[in-house]
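Just so you know, the sequences run in chain order A and B.
For the first sequence, position 217 (counting from the first letter as 1) is numbered 216 according to numbering that gives the first Met the number 0, and the numbering increases by one without interruption.
For the second sequence, position 314 (counting from the first letter as 1) is numbered 313 according to numbering that gives the first Met the number 0, and the numbering increases by one without interruption.
Chain copies aren't distinguished; within one or between two, either way the pair holds.
In silico SDA-like cross-links for lysine to any residue, where the CA-CA straight-line distance does not exceed 20 Å:
| # | residue 1 | residue 2 |
| --- | --- | --- |
| 1 | Lys-187 | Asp-229 |
| 2 | Lys-95 | Glu-132 |
| 3 | Lys-196 | Glu-231 |
| 4 | Lys-276 | Arg-298 |
Rather than coming from a laboratory, the hints here were simulated on the basis of the structure.
2 protein chains.
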Amino acid sequence: MPDPPLYPPERLLDFTARVFEHFGVPGDDARLAATVLQSADLRAIDSHGVARLHSYVDMFHLGRIDPRAKIAIVRESASTATVDGGNGLGLVVGPKANAIAMEKAAAAGSGWVSVRNSNHFGIAGYYVLEALERDLIGWAMTNTTKLVAPLWGAERVLGTNPIAIAFPGEREPPVVIDMATCAAAYGKVEIARRAKKPIPAGWAIDRNGAITTDPDAMIDGGAMLPLGSDRERGGHKGYALAVMVDVLSAVLSGANWGPFVPPFALRQEIPTRSVGKGTGHFFGALRIDAFIEPSEFKRQIDEYVRTLRKTRPAPGTNGPLVPGDPEREAEAIRRRDGIPLVLPVIEELRDISRQTGIPFTE
Amino acid sequence: MPDPPLYPPERLLDFTARVFEHFGVPGDDARLAATVLQSADLRAIDSHGVARLHSYVDMFHLGRIDPRAKIAIVRESASTATVDGGNGLGLVVGPKANAIAMEKAAAAGSGWVSVRNSNHFGIAGYYVLEALERDLIGWAMTNTTKLVAPLWGAERVLGTNPIAIAFPGEREPPVVIDMATCAAAYGKVEIARRAKKPIPAGWAIDRNGAITTDPDAMIDGGAMLPLGSDRERGGHKGYALAVMVDVLSAVLSGANWGPFVPPFALRQEIPTRSVGKGTGHFFGALRIDAFIEPSEFKRQIDEYVRTLRKTRPAPGTNGPLVPGDPEREAEAIRRRDGIPLVLPVIEELRDISRQTGIPFTE
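Pulled out of the complex, with its shape left as it was, chain A reads as follows (with noise of 0.2 Å):
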C-alpha cells in the first residue's frame, strides 16, 4: 500500500474554516472551530480531526447544530460557572467556555466550567493546550455517545470519555495527558476489522458481555470495556473514572449523560429519551502561582520529565514515554511535512466539496 498523500495544514485548516462558514458558522468561529480539528490531524489523532467533519456537515444537513448559537453562563460562582452552549458546534462552544475556565483562575485562582447543550467537541488535549499558553494547569473532559459497558454489564451504556490535564515545563516540554477511560480506542476494533486480525482480550465484549477477540462481534451490538478491562485488572476504576467525567460534565450542567447523549455519527442510534440538553464537558483551569512560584513548579517539573526518562527500561522497550511525547513528536514533523490523510476520509473531503461547491484541491 503507497503512503497516504500529504496535506499542508494550512491548505486543510482554510478548507475547514470555509465548510463551518458554508453553513453559517461566522467566519471567527469556523477558523477557530477549524483550529480546534486541525490540532487533532496536527497530533495524529486522526479519528478526531477532519476525518470527522463529514459528521459534522451531516448534523448541519439536518439542522441538528445551530451553527449562530451564542453561549450563555446560567449560572455563577467566584470560580465557577455553568455554561448553555445554544446546541452549538462543540468546537466553538468548548473554546468559549474553557476561556471562561481560564478567566475565572485569573481572578479566582482557580476557574471550573460544566457545560451543557453542546455537541462534539474535538480531542480533550487542545483545550489544556490553551491553558498551558496562559501558564495554566488546564483540565478538560467531556461525555460522549455511549460505546462502553460498566465493568460486568453487557451493553453499552457510557462514553469513551476522556480525561485531559497539562503541566508546564521550564526547558523540558510540557506533560500532556490526553487519555480515554476505555482501555483501548473504537478505531482500533475498525482497523482491525479491515485488516481481518483479531483484538486483544480485554477491549471489548460482545453482545452478550462475553469478552471477544472477533473485531465484528464489538462492532456488532458489542462494546467496549472500560480501562482495567476486567474485575482482576481494575476495569472497576476505569469504569469510575468515565462516570466521574459523567457526572462533572453532563450531570453538573444538566447535559445527557451515560446511554442518553445524542449520537454524534448518522449510524449511531438514537437513544430511547431525553435527560437533558445535548452533550456535556467539564472544563478547569489553576494557576500556579495561586499555589506556588511558577518558576519553581516548572524547575521540578524539568527535574520530574528527566526522572521518569532516566527510568531503566522494560526489555524490548526503550524505556518510559512521558505523557504528550508522541503528540508533540508528530506535531512537529506533521506541521513540516504535512497531514497524511486515508483514502475514505479525501473521498469524503471531496464529497463535502461537491455538497458545498468549496474547492479541495490536492
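Add chain B to chain A, keeping to what the hints say.
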C-alpha cells in the same frame, strides 16, 4: 481457617486514639486521626486501617512525625491554598487541609488545596465522604511511596497514587469513587504469596521489568503495574493518571514526588535524595449549587444510579455495581457486627499495647 475475630468499632477507635495521644498527639487530633483510620476498617479497606497503626507508631518512635505539628497556609487565593503540614500526622493534616478546601468552596464556589510536608493520610475516600456531609463534591488525591513502574519502565518510580471523588444522590446512596491508579493492590500480591498462588498477568513485573505471575518475583525488587497493565490495554493511561496525582499533590505544593516520596514503613528503602518536603496531597471541593440546583443534581444522580443498576448483566455476574457499593455494604455490616482482624494485625496491636501500656482488650 476459623473466621477472624470481630472487634467492636468503638473499642478499636478508643484504643487507636489513646495510642496517638500516648505519642503526644493532642486529644482532639488523636480522635480525628483514629476516626480516619477507622473509616478504612469500616469500609473493608483493611490495609489502611489499624493494620497501619504499627507503622505510625514506628514513625513516632523514630521521631519522623511531629505529633503537635501545626499546619500553615503558605500561599492562597480566593479558591486555592497551599498547606504545609509541618511534618504532622497525615491523618490530622489531611482532614484539616480538606476542611480548608471546603471552606474555600463555601466562599468562592470551589476550593483546591495542595499539601506538602505530610505523610500517609489514610484512605482517600474518607475525605470525599466528609465533603458529602456538607453537600459538596469532594476530591482527594495523595502520592505514596514508590511501588509502581511507569509503563515500559523496569523499576519502581511512582506510588499507587489514589484518586477519590463522590457525588450525592437524593434517595439512592452516593456514588463514591476511591481508587488507586495501579492495576491491583500490593496487598493482593502478599496474599497470593502466603497462599503460594500465582498472581494474574498484568499486575506486576519482576526486577528485570518482565511481566511476572510469581508474587515473590514482584516483591523481590519488582514493581506493580499501572492501571491498564500493558501498552495494548492502556497501561500508559494508568501511568499518566499516577503522574497527574503526583504533580497535583507534590509538585504543586513543594512535596517530594515520584521515587523521592519518603517511605512509610520501616522495610521500605530511603530515597536517594529529597526534592521537597514530606508527602503531598491534593484536595478539592465543588459547591453543587454553584453549578445547578442541588435537588436537580441529586435527582439525576438517583436516575444515573438506577440506570447503571438496570444494565444487562455480563455472563456470570449480577450486573454492574455502582462505585462505592462494596464499601458501603461492608460498613453497614461492620458497624453492626464488628471489624474482623487477622492474627498478624492483632499481634501488632498487642505489641503496641505492650509498648505503650494502653490495654488492648479482646
